[in-house]
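Colleague: Letter by letter, the chains look like this.
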Amino acid sequence: SQQGEEDPQALSIQEGENATMNCSYKTSINNLQWYRQNSGRGLVHLILIRSNEREKHSGRLRVTLDTSKKSSSLLITASRAADTASYFCATVVSGSARQLTFGSGTQLTVLP
Amino acid sequence: EAGVAQSPRYKIIEKRQSVAFWCNPISGHATLYWYQQILGQGPKLLIQFQNNGVVDDSQLPKDRFSAERLKGVDSTLKIQPAKLEDSAVYLCASRDRSLPGYEQYFGPGTRLTVT
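Order-wise, the sequence lines are chains A and B.
So in my numbering, spot 98 of the first sequence is number 98, and the numbers just go up one at a time.
Convert by adding 1000 to the 1-based position in the second sequence; the result is the number in my numbering.
Hint data in this document are derived by calculation from the structure and do not stem from the laboratory.
Note that the structure is a prediction, hence the values are computed from the model and not measured.
Worth double-checking, as some hints may not be accurate.
As the list claims (entries may be wrong) - To give a feel for the contact side, a few chain B residues facing chain A, derived at Cβ under 7 Å: (1) Q1041; (2) G1042; (3) P1043; (4) L1099; (5) Y1102; (6) F1106; (7) G1107; (8) P1108; (9) G1109.
As the list claims (entries may be wrong) - Below, a list of computed lysine-lysine pairs in the DSSO-like style, where the Cα atoms sit at most 30 Å apart: (10) A/K26 to A/K70; (11) A/K56 to B/K1078; (12) A/K70 to B/K1078; (13) A/K26 to B/K1044.
Cβ coordinates follow ideal geometry from the N, Cα and C atoms, glycine included.
Could you put together the complete structure from these sequences and hints?
Modeller: Encoded structure:
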């Protein structure tokens, strides 16, 4: 079963705007990761946030984690057409064998 | 550094036929995963290997799916016989167990269509 659920399922924005995607999960986690999947390509790791962290930045990416609400958000600032992709959150559940459990993904379209 | 390699990239078979997928992980990565990704969904773990041993195959439909990693490097995933609902992208991923991060590196996947 899917551990995380992304919201929204699809998002369409103009180039230069910011994109925010949300992820909710069900059980206690060790860490939460965000991956990007372009059409025809495999998944690429974007950023990892541990359960004791609240916010993390990497370039134009900003991730927040609220363990009390079991939710995370991914913000992409100043979006580009090349950011068009599906974005997945994936959790590593506490005590698991370092396995990722993926959500259902958000399809982001950035219009030029 | 070469990434995770998978072949074939695409495969079309009829139901009840058999099919095999191959994966070569990043050199030195002891942990290898196979995922199934149905259109519109996130990847679902099928099996996890540590070197040549199975760590978890609880979500592998063992009546038709099998996987092996005999020498702790390359791995093959087989489906026999295939069903229509097996149509999906099969992703292979690997991870370096010695690194503190838990991120996985994915191959491009094999898109299977069962008709």
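Colleague: For every hint, state whether the structure bears it out.
Modeller: Going through the hints against the structure:
no. : hint             : verdict
1   : Q1041            : holds (6 Å)
2   : G1042            : holds (3 Å)
3   : P1043            : holds (5 Å)
4   : L1099            : violated (11 Å)
5   : Y1102            : holds (5 Å)
6   : F1106            : holds (4 Å)
7   : G1107            : holds (5 Å)
8   : P1108            : holds (5 Å)
9   : G1109            : holds (5 Å)
10  : A/K26 to A/K70   : holds (7 Å)
11  : A/K56 to B/K1078 : violated (40 Å)
12  : A/K70 to B/K1078 : violated (37 Å)
13  : A/K26 to B/K1044 : holds (16 Å)
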